[in-house]
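Asks: Here the protein sequences line up with chains P and X, keeping their order. Heads up: take any position in the first sequence, counting from 1, add 280, and you land on my numbering. Heads up: take any position in the second sequence, counting from 1, add 280, and you land on my numbering.
Mixed in with the good hints there might be a few duds.
Any copy will do: because identical chains look the same in the list, a pair fits if it lies in one copy or spans two.
[Unchecked claim] Dumping the calculated SDA-like pairs for lysine to any residue here, alpha-carbon to alpha-carbon at most 25 angstroms:
id : residue 1 : residue 2
1  : Lys479    : Ile457
2  : Lys336    : Gly463
3  : Lys479    : Pro378
4  : Lys336    : Gly361
5  : Lys336    : Asn295
6  : Lys479    : Glu300
7  : Lys336    : Gly408
8  : Lys479    : Val363
9  : Lys479    : Asp427
10 : Lys479    : Leu450
11 : Lys479    : Gly501
12 : Lys479    : Asn302
13 : Lys479    : Gly371
14 : Lys479    : Phe455
15 : Lys479    : Asn368
16 : Lys479    : Arg297
What the hints contain is simulated information worked out from the structure, not anything from laboratory work.
Protein chains: 2
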Amino acid sequence: MKKVVSVVEDILSANDRLAELNRSRLDRSGVFAINVMASPGAGKTSLIVRTVEALKTEFRIGAVNGDLATTIDADRIANTGIVTVQVNTGGACHLDAPMLQSALAHLPLDELDLLIVENVGNLVCPAGFKLGVHRNILIASVPEGDDKPYKYPVMYQDVDALVLNKIDVLAAFDFNIDYFRRGVEILNPNLAFFPLSCKTGEGLAAWFEWLRNEVRGYVSGRTGADR
Amino acid sequence: MKKVVSVVEDILSANDRLAELNRSRLDRSGVFAINVMASPGAGKTSLIVRTVEALKTEFRIGAVNGDLATTIDADRIANTGIVTVQVNTGGACHLDAPMLQSALAHLPLDELDLLIVENVGNLVCPAGFKLGVHRNILIASVPEGDDKPYKYPVMYQDVDALVLNKIDVLAAFDFNIDYFRRGVEILNPNLAFFPLSCKTGEGLAAWFEWLRNEVRGYVSGRTGADR
C-alpha cells in the first residue's frame with residue numbers, strides 16, 4: 281500500500297522536477313520567462329505580438345508557441361522578427377515541463393532577456409502543469425463572461441497577473457466588472473490586474489510597464505547576486 | 281510488449297464501453313440525448329436555456345450540467361423548471377461516460393423525451409470521451425475568432441451540428457465567416473450549421489427546427505422498430 285502511494289507521488293512530481301530544471305536552465309542564461317494562458321480566442325497571440333512590438337527595442341525576446349495543430353499563431357509571432365519555437369502538442373491540451381525543455385534546446389538562450397511562452401488555449405488543464413517560468417499570466421476576455429473566476433477557479437488562483445482583454449466591447453456584453461473582480465479577489469487577492477484592449481491599445485501601457493519592471497527587477501536581482 | 285499494448289487498449293476502450301451502456305439505457309427509456317460542447321463562455325448555458333424555453337411544451341426535457349465548480353449554470357437551467365442534475369467533475373476538464381452514467385441514475389428517464397448534457401467548457405478534452413448520446417453539438421462564438429476550426433480540429437471533426445453564437449457582435453470583431461466555414465467544411469462537410477445569437481434571438485428558429493426534427497425522427501424510428 282505504502283509503495284503504491286510513493287509511486288504515484290513520483291509520477292506527479294516528475295513534471296515539477298523537470299520544471300525546476302527548466303528554471304535553472306533559464307537562470308543560467310539570465311532569461312526571464314512568462315507563461316501566457318487563456319481560453320481559446322481570448323487574445324494570447326494578440327497580446328504577445330503587441331508586447332513584442334512594444335518591448336523589442338529594450339529587450340531581446342524569444343517565444344515558444346504551443347498549439348494542437350497548425351503554425352498560425354507561431355507565424356504571427358515570428359512575423360514580429362523574434363526567434364519563435366513552435367511546440368505541436370500532438371493533441372495534448374496543455375504544455376508541460378518536458379515540452380518546454382525540448383523547446384529551450386532550440387533557442388539561443390544566452391542571447392535572450394525575455395522568453396514568452398504561449399500555452400494551448402484551455403482554461404482547465406494548463407493550471408496543473410508547472411513549466412518552470414518566472415511568472416504565470418492569465419488572459420480573460422470580456423465576451424467570455426464575468427463568471428469565469430467562479431467557474432474555473434484553479435486557473436485564477438495561481439497566476440501572478442491577470443489581463444482582461446477586449447474591453448473595447450464592454451458595452452456590447454453584460455459584463456459586470458465588479459462581480460468579476462470580486463471573484464478574482466477571493467481566489468487571488470494579490471495578483472496584478474490589467475484591463476485592456478489589444479485591438480484599440482487602451483490599457484496596454486500599464487501591462488508593458490509591469491512586464492518591463494519584472495524583467496528589469498530580475499536582471500538587477502541577478503546582478504546583485506553576482507557581486 | 282504485446283501485453284502492455286493490450287492493457288492500454290483496454291483502458292482506452294473502457295470509456296467507450298460505458299458509453300454504449302449509457303446509449304442502451306437512454307434507448308430503453310426512449311430518451312434522445314445531445315452533448316453540448318464549447319469553449320468557456322461561448323454560450324452553452326444560454327443556448328440550453330433558450331432551447332428549453334422554446335421546446336418544453338413539445339417535449340419533456342431533462343438536463344445534465346458538468347462543471348468544475350459552482351452550480352451557477354445548473355441553477356440557470358433548473359430555473360426553466362426542468363429536472364437538472366449537476367455533475368461536479370472535481371477538477372476534470374471534461375465529462376466522461378462514467379460521469380454520465382451516474383447522472384442518468386438520478387434522472388426520471390421514463391418521463392423524458394430529450395436530455396441535454398452540458399459539457400465542461402473546453403475546446404480540447406471533451407472530444408476524446410464519448411458519452412453515449414445520440415448527437416454531439418459544438419458551439420463556437422464570434423469573439424473567439426474565425427481560426428478555431430484550424431487550431432482545434434479534433435473538436436470540429438466529429439460533431440453533428442455546429443452553432444456559431446454571438447452573431448449580433450459580428451461587426452465588432454474581425455471575423456471572416458467564409459474563412460471559418462471553409463475550415464469547418466474541410467474537417468466535417470456534412471454537419472448542420474446554425475449561425476445565431478442567443479442574446480437577440482436571431483437564427484434560433486432554425487436550430488430549434490433541426491433539434492425538433494431530430495427528436496421526432498428518433499421517436500418515430502423507435503415506434504417503427506417496435507411494430
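Asks: Confirm or reject each hint.
Replies: These are the hints, each one checked on the structure:
| no. | hint | verdict |
| --- | --- | --- |
| 1 | Lys479 <-> Ile457 | both (19 angstroms within a copy, 19 angstroms between copies) |
| 2 | Lys336 <-> Gly463 | neither (34 angstroms within a copy, 33 angstroms between copies) |
| 3 | Lys479 <-> Pro378 | neither (34 angstroms within a copy, 43 angstroms between copies) |
| 4 | Lys336 <-> Gly361 | within (9 angstroms within a copy, 56 angstroms between copies) |
| 5 | Lys336 <-> Asn295 | neither (31 angstroms within a copy, 48 angstroms between copies) |
| 6 | Lys479 <-> Glu300 | neither (36 angstroms within a copy, 47 angstroms between copies) |
| 7 | Lys336 <-> Gly408 | neither (31 angstroms within a copy, 40 angstroms between copies) |
| 8 | Lys479 <-> Val363 | within (24 angstroms within a copy, 43 angstroms between copies) |
| 9 | Lys479 <-> Asp427 | both (23 angstroms within a copy, 17 angstroms between copies) |
| 10 | Lys479 <-> Leu450 | both (13 angstroms within a copy, 15 angstroms between copies) |
| 11 | Lys479 <-> Gly501 | neither (34 angstroms within a copy, 51 angstroms between copies) |
| 12 | Lys479 <-> Asn302 | neither (33 angstroms within a copy, 46 angstroms between copies) |
| 13 | Lys479 <-> Gly371 | neither (30 angstroms within a copy, 33 angstroms between copies) |
| 14 | Lys479 <-> Phe455 | both (18 angstroms within a copy, 13 angstroms between copies) |
| 15 | Lys479 <-> Asn368 | neither (27 angstroms within a copy, 36 angstroms between copies) |
| 16 | Lys479 <-> Arg297 | neither (39 angstroms within a copy, 47 angstroms between copies) |
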